[in-house]
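Residue strings, one per chain:
Number of protein chains: 2
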Amino acid sequence: MTDKKIYAFEEGNGSMKNLLGGKGAGLAEMTKIGLPVPPGFIITTEVCKEYQKTKKIDEDLTSEILEYLHKLEEKAGKIFGDKANPLLVSVRSGAPVSMPGMMDTILNLGLNDDTVEGLKELTNNERFAYDSYRRFIQMFGDVAMEIPHNEFAKILDNHKEKHGLKNDTDLTSEMLKDIIADYKILYQEKTGEEFPQDPMMQLSRSIEAVFKSWNNPRAISYRNINKISDELGTAVSIVMMVFGNMGDDSATGVAFTRNPATGEKKLYGEFLTNAQGEDVVAGIRTPLSIDKLGEFSPTIFNQLKEAGEKLEQHYKDMQDMEFTIEKGKLYMLQTRTGKRTAQAAVKVAVDMVNENLITKEESILRITPVQIDHLLHKMIDPSVKVSPIAKGLPASPGAASGKVVFDVKEATKRGKDGEAIILVRLETTPEDIEGMAHSEGILTTRGGMTAHAAVVARGMGKPCIVGAEDIKIDAESNRFTTNGIEVKKDEIITIDGSLGNVILGEVTMVEPELTSELRQLLAYSDELRELGIRANANTPEEAIKALDYGAEGIGLCRTERMFLSPERLPLMQDMIISESKEERSISLGKLKDMQKKDFYDILIAMDGLPVIIRLLDPPLHEFLPQRERLEKEIAELKEKGNDPELLKKKEKALQRSQELAEFNPMIGFRGCRVGIVYPEIYEMQVTAIIEAAIQLKKEGHDPKPKIMLPLISHVNEMKTLKERATTVITNIFRKEGTTIDYQIGTMIEVPRATLTADQIAEYADFFSFGTNDLTQATFAFSRDDAEATFIPTYLKDGILPTEPFITIDQDGVGKLVRIGVVLGRKTKNSLEIGICGEHGGDPKSIEFFHYAGLNYVSCSPFRVPIARLAAAQVAVKEKLGKE
Amino acid sequence: MTDKKIYAFEEGNGSMKNLLGGKGAGLAEMTKIGLPVPPGFIITTEVCKEYQKTKKIDEDLTSEILEYLHKLEEKAGKIFGDKANPLLVSVRSGAPVSMPGMMDTILNLGLNDDTVEGLKELTNNERFAYDSYRRFIQMFGDVAMEIPHNEFAKILDNHKEKHGLKNDTDLTSEMLKDIIADYKILYQEKTGEEFPQDPMMQLSRSIEAVFKSWNNPRAISYRNINKISDELGTAVSIVMMVFGNMGDDSATGVAFTRNPATGEKKLYGEFLTNAQGEDVVAGIRTPLSIDKLGEFSPTIFNQLKEAGEKLEQHYKDMQDMEFTIEKGKLYMLQTRTGKRTAQAAVKVAVDMVNENLITKEESILRITPVQIDHLLHKMIDPSVKVSPIAKGLPASPGAASGKVVFDVKEATKRGKDGEAIILVRLETTPEDIEGMAHSEGILTTRGGMTAHAAVVARGMGKPCIVGAEDIKIDAESNRFTTNGIEVKKDEIITIDGSLGNVILGEVTMVEPELTSELRQLLAYSDELRELGIRANANTPEEAIKALDYGAEGIGLCRTERMFLSPERLPLMQDMIISESKEERSISLGKLKDMQKKDFYDILIAMDGLPVIIRLLDPPLHEFLPQRERLEKEIAELKEKGNDPELLKKKEKALQRSQELAEFNPMIGFRGCRVGIVYPEIYEMQVTAIIEAAIQLKKEGHDPKPKIMLPLISHVNEMKTLKERATTVITNIFRKEGTTIDYQIGTMIEVPRATLTADQIAEYADFFSFGTNDLTQATFAFSRDDAEATFIPTYLKDGILPTEPFITIDQDGVGKLVRIGVVLGRKTKNSLEIGICGEHGGDPKSIEFFHYAGLNYVSCSPFRVPIARLAAAQVAVKEKLGKE
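Going down the list, the protein sequences come from chains A and B.
Be aware that the first sequence starts at 28, since it is given in the working numbering, and climbs by one per residue.
Be aware that the second sequence starts at 28, since it is given in the working numbering, and climbs by one per residue.
Keep in mind the hints are simulated off the structure, nothing from the lab.
Do not take every clue at face value.
No copy labels: a pair is met if it fits in one copy or bridges any two.
What the hints assert, rightly or not - Quick list of in silico lysine to aspartate or glutamate cross-link-like pairs, DMTMM-like style, CA-CA up to 20 Å:
(1) K608 to E686
(2) K842 to D785
(3) K746 to E830
(4) K855 to E789
(5) K59 to D195
Build the full structure now, drawing on both the sequences and the hints.
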């Protein structure tokens with residue numbers, strides 16, 4: 028640590044964020060690269076840290092401040108506290124990372140009863156001078172001395188009322204003087220001392236206020252939530268005031284170097300002539316588009332454009348700039364990385380690669396997987412201007428429109444009947460899950476990002492807003508109000524779960540599509556990633572979607588879903604209620620032909636790419652009708668008495684359903700266990716797969732089927748089933764007079780399989796981690812039950828840091844994955860290992876799978892682009908880490 | 028390998044089992060220590076192995092056989108094949124380990140049409156000579172040449188019928204000659220050659236038959252089942268014949284050096300005068316007790332006693348001896364370790380320690396945990412006066428009641444279906460084993476203590492009575508009569524295998540208790556074992572039982588079972604259907620007082636010993652009435668309409684029951700998850716435990732409560748619950764003005780807990796593996812479902828080598844246990860770690876837990892003695908392995 032407490036802008040640079048704060052470093056950097064920045068200096072974060080111990084501004088610091096103030100006076104050609112030619116400054120906080128909750132800016136510091144007169148003379152604008160003084164007292168009182176903002180507002184309102192005025196701008200100098208007098212009285216009442224006339228005291232009070240604000244509750248809480256160290260401290264920048272409100276040759280504004288909504292490369296922003304920065308933000312006057320700045324002054328417009336280009340060249344990213352024009356001279360007051368929409372982020376990143384501003388590696392690190400996720404959800408047409416009636420937390424992305432319904436049962440029923448419903452609740456509980464599932468979107472007035480509604484909606488992929496506190500629900504009269512607007516049941520609203528906006532009425536939506544820029548960005552990702560990306564797809568349609576989204580194969584094709592269509596389910600049910608192997612064979616024979624067609628279609632869609640087909644996994648009773656329904660049907664059939672055949676069949680189904688009922692079906696008679704006890708089921712499926720592949724081969728295609736056995740827990744299961752399948756396949760090859768390439772592998776989804784992966788690998792051609800089931804067993808959490816009961820509490824209380832079914836639990840489940848990989852490869856050095864649980868589409872989990880050494884991840888087609896990006900990001904980060 | 032193919036008895040010794048087989052080594056050893064063994068020699072197992080390759084007896088072997096035969100002739104003073112003074116021999120197989128399924132003995136080898144005349148002259152007993160010849164042809168034909176036994180029996184029966192005779196002994200020499208002639212014809216018909224008159228050919232054929240029998244299907248199957256190497260091979264012993272049937276000064280018998288039923292140190296056995304060994308085994312004549320041998324000849328009785336003592340001194344174990352007395356001279360034909368009942372095994376082991384024959388270490392290795400298990404089986408209440416309807420030999424101790432069944436297949440089927448069956452047979456054969464296994468007990472009307480039924484039943488630990496000669500079975504009419512009483516199929520009888528009593532109807536049984544010898548043996552075990560032994564006990568009664576059985580504390584006290592009594596369940600239900608914490612507190616307050624009493628009672632019972640109390644574990648809905656029942660009750664209440672209060676309560680219970688219903692309750696909302704979501708439940712339990720302990724301490728006792736949290740999967744669950752409990756306890760200490768020692772630990776029963784045991788150990792004072800749940804989750808096997816569906820198939824097909832809920836799966840679950848131990852102790856070096864799953868009472872699992880470094884196992888009180896022994900055995904074995 029150096030003893031230097033203060034840096035003039037020209038003494039610092041952009042890399043000194045930790046010492047000078049983000050804003051300070053930005054100002055120093057802009058100064059350094061020759062942009063017109065008003066002179067100023069920065070008190071370092073080290074001083075702040077010291078202050079937290081001593082709680083006072085010591086003499087050393089005071090004398091250093093004086094020293095830099097003198098230098099500033101020299102540069103400005105003005106004197107701090109001088110009546111004739113007063114130097115005014117702004118004081119701002121600025122931590123190394125952007126941190127809301129800290130002290131706001133204080134402008135016009137240095138004004139007092141004397142200097143205000145000097146300002147008046149200097150600007151020849153009495154009203155401006157007193158308005159500036161009035162504003163300063165208000166800001167200093169509010170920001171530095173914690174006098175409630177509305178107390179000042181009340182005084183202002185009283186005076187306007189007294190004179191029958193509507194706008195602040197209508198106040199005359201005399202009126203402003205009266206207000207100043209009242210402000211001073213308020214100040215004395217609240218602080219017990221007179222408003223400080225000494226500019227040095229104003230300055231040191233303001234600096235202390237910044238330091239104190241580092242530990243105000245809002246700041247502490249923000250740091251906690253965002254995991255920012257309490258040790259960073261904040262810097263303070265003191266800058267010469269420039270005035271955009273010095274007349275019609277003055278102005279103030281903000282500008283992005285590119286369009287933050289679309290990414291278009293063109294200055295974007297707005298400005299107000301004869302105004303101070305806060306006027307732009309306050310929205311009292313409608314600002315002009317930055318396009319009009321050329322009309323105001325072509326020179327300054329060009330200067331600003333050049334400044335933007337210079338900053339982009341320098342920072343290699345889109346900038347968000349604040350500027351002020353004082354009497355025809357441009358001053359740059361701030362620059363920072365510009366916030367942008369997901370769409371803009373992608374375009375900017377790709378454009379900057381084309382402009383040789385950044386590398387491909389850098390471009391992919393500019394986008395978060397969450398942004399891609401947003402781009403892949405239905406969203407509000409960006410060309411439509413919306414006026415939110417309320418705002419909440421963006422708990423689950425995407426937009427949805429529907430009729431407002433407050434009652435969960437009603438939502439369930441009407442949703443089932445096909446109506447588009449937005450469920451509006453104080454909060455949700457486990458009993459509401461069905462209603463949520465049948466609504467288009469969920470809106471709650473309470474709760475945070477980990478509330479029940481948020482967690483469940485994200486799991487369901489439904490748009491959701493939580494904690495929209497402005498909304499007051501009046502359930503009895505079936506309506507809600509927000510900011511004076513009343514919305515009745517059945518009125519249509521739109522929620523934007525990506526932004527947290529609640530909008531009245533229906534809004535045009537756009538279906539997500541891959542823009543050419545996104546395709547380009549994902550192409551960069553493909554160049555950079557090491558993990559393969561496959562998709563979980565059960566139908567040819569899904570396979571085609573997956574291909575379009577960039578999947579390199581199918582990592583999981585669930586065959587059981589193929590049995591649920593109306594013409595097949597009865598055959599499946601016949602098979603299950605069969606009493607003998609022979610009877611079963613008849614239904615299975617018919618199912619085989621259908622399955623063969625399924626596999627033919629999916630293999631042809633993925634011609635030349637691997638398709639991993641998982642054999643039947645769920646318990647058989649899942650295919651039978653619910654017992655309650657069967658009992659009802661049987662009662663009816665008995666009464667009618669006209670179809671004894673059907674009655675017998677239904678009775679058999681009921682009996683079988685009772686036989687097959689289980690206490691804990693998730694860990695019961697399913698997966699390979701069914702395959703072992705009823706060999707003919709898997710024999711049928713294997714036959715269908717291999718026959719379909721042979722047909723394709725004969726037709727000149729290149730099918731790559733991989734047969735996957737589910738729920739293996741013991742090597743002997745793998746061994747037995749592989750042997751049986753091999754026998755079946757060998758017979759087909761002999762019969763057909765040809766062979767095809769195929770593999771037989773297994774899901775690794777039971778803890779025991781990971782622990783004995785070395786044994787299992789002896790018989791498996793590939794592994795695919797089923798991390799959904801693995802997470803269930805490793806935690807002994809039944810997902811359906813856990814998410815409806817204790818997981819919300821666990822997340823709220825921080826017992827679980829993250830929802831383990833969304834982001835893989837590295838300490839527990841992850842350890843088993845690593846054990847499985849190490850043991851599997853111990854037996855087979857080049858064993859292909861992937862993952863096909865939902866974690867395959869989760870960026871944090873993908874990072875883990877990269878480091879665990881997997882060959883690929885497989886996720887839903889919809890998440891393939893996210894996975895491509897996430898996989899590239901971790902590969903790039905690893906490379907950077909190694910450099 | 029040596030080239031020596033044959034050993035005379037005096038050339039070998041008892042340690043040469045691998046080379047000479049068990050029987051051969053025994054004969055050599057007896058010869059060596061000076062016992063009267065008939066001379067003979069042994070062809071080694073190496074020769075057998077060689078034969079398996081060459082499939083012939085080569086010249087080298089033939090000449091060596093001739094050499095040893097000459098030496099034998101010299102010792103015997105007889106000549107092989109000599110008409111005047113013929114040497115006869117027996118030929119027996121003998122593998123290194125006892126192995127049924129191999130070739131039986133052939134006696135009287137060397138007899139032919141000539142030598143039979145010599146034998147006649149020599150013994151001056153024509154009938155004996157021809158009977159011997161007849162027997163030889165039959166044995167040689169049956170055993171060596173595989174002519175079906177019943178073909179010979181048919182010839183014999185025909186002749187008896189022709190002469191109107193009933194017993195074999197009534198046959199005259201002339202009749203026997205006719206039979207011999209018919210036997211020879213049969214022989215020629217079946218083998219295509221004449222019965223060999225050349226004794227050398229008889230001998231070499233017999234030796235080959237022994238070698239061939241090594242690979243007969245029965246032998247192979249026995250080796251497979253018992254995991255005996257196919258590489259061992261069998262030896263062949265050739266021994267000079269001695270005859271117990273040479274007149275009234277001859278006899279043959281078997282004797283145990285101690286009573287194999289009780290262990291009493293006294294010769295035990297039986298003999299038949301003027302008989303050959305096979306007559307004893309066949310059970311045709313009822314033998315005399317060995318006590319009567321003194322009357323036959325005091326000298327020989329003493330010789331036999333001395334031989335027994337010498338053998339015991341030598342072998343350090345109880346011996347089972349075969350002997351023959353030929354014309355007043357005792358010959359020892361075989362000795363082996365005597366099979367015994369569990370009770371005898373314990374007494375013999377303890378007595379032999381007292382006699383300084385064996386060490387304590389050796390004594391505990393003499394008993395199998397299974398035997399202890401048998402001793403802990405029930406017997407007839409001694410206070411009940413029983414009137415036996417028949418008496419037999421007490422062949423296998425313990426008592427059993429069941430329905431009389433005569434047919435073995437029927438017994439198998441009905442036994443499997445859960446009926447209690449007593450199998451009643453003339454005698455049993457190896458085909459009857461399955462029926463015996465599925466019966467409660469076995470009763471035969473023939474045979475002695477060494478008959479098939481007796482030996483097998485003792486092995487199975489089933490009560491068995493043999494030789495109940497008063498009972499006459501009439502199989503055709505499905506009944507038996509005894510002393511005028513008729514008992515039909517399906518009537519219930521009770522057999523007392525310890526006393527030999529058959530009783531009509533069911534009799535009150537008593538649970539077994541520990542004999543003084545067993546207590547002594549377990550005391551040795553306690554000295555030698557390293558694992559602590561605790562019991563799983565939920566009530567004071569169980570705790571007292573556990574103490575009596577030697578438990579050193581309670582490893583698992585399940586508190587939820589305390590809520591199931593009629594006066595408590597309604598309170599528990601009230602608590603569950605409470606809608607608020609306040610409502611819940613009222614029911615919990617009442618439950619607390621009851622729980623405090625529970626804990627007081629159990630802590631006082633285990634005064635000074637650790638008592639691990641597990642907080643509530645099962646899902647709450649388990650305490651609510653079944654939904655079907657509630658629905659019915661509600662319907663009834665509605666109809667009556669007289670108790671609206673109760674109706675409301677029932678409706679609430681139904682609603683709550685629906686809310687709490689789960690898809691997979693085993694891995695759902697239970698254990699610490701309920702404790703976290705409803706803190707007041709665990710607070711109540713912790714309060715009850717600590718208050719009970721404080722009361723005990725104030726009364727001068729030494730309570731050692733240890734609070735155990737169930738189903739921890741994440742360190743934060745442990746941390747949160749421990750903090751909450753500590754707060755509760757600190758408050759009680761403050762209120763009561765005193766403190767007690769306590770610990771807070773956790774079950775390790777979720778895979779994730781083992782994988783993160785290092786984190787969990789930060790907050791846990793102890794670990795206790797819950798291997799039931801851990802096995803379920805590690806395999807993803809719901810025990811209830813798996814055992815009802817696929818596990819039987821898995822065991823039958825060998826997919827699972829053992830039932831993993833009985834014997835711990837070392838490769839999978841065991842690996843997690845080891846990981847948990849290593850990680851837990853990494854954090855806390857001296858962390859106490861135990862196991863309280865059912866595996867805690869399984870000897871094989873106990874062996875694993877010993878090596879895994881656990882501090883103790885905890886099992887049901889009933890299995891505590893077994894655990895004490897098993898723990899000692901593994902400790903001794905480990906010590907021996909290290910020596």
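Comparing the hints with the structure gives:
1. K608 to E686: within (17 Å within a copy, 40 Å between copies)
2. K842 to D785: The answer is both: 16 Å in one copy and 13 Å across copies each meet 20 Å.
3. K746 to E830: between (35 Å within a copy, 19 Å between copies)
4. K855 to E789: within (7 Å within a copy, 38 Å between copies)
5. K59 to D195: neither (39 Å within a copy, 126 Å between copies)
Checked against the numbered hints given earlier, this structure breaks only hint 5.
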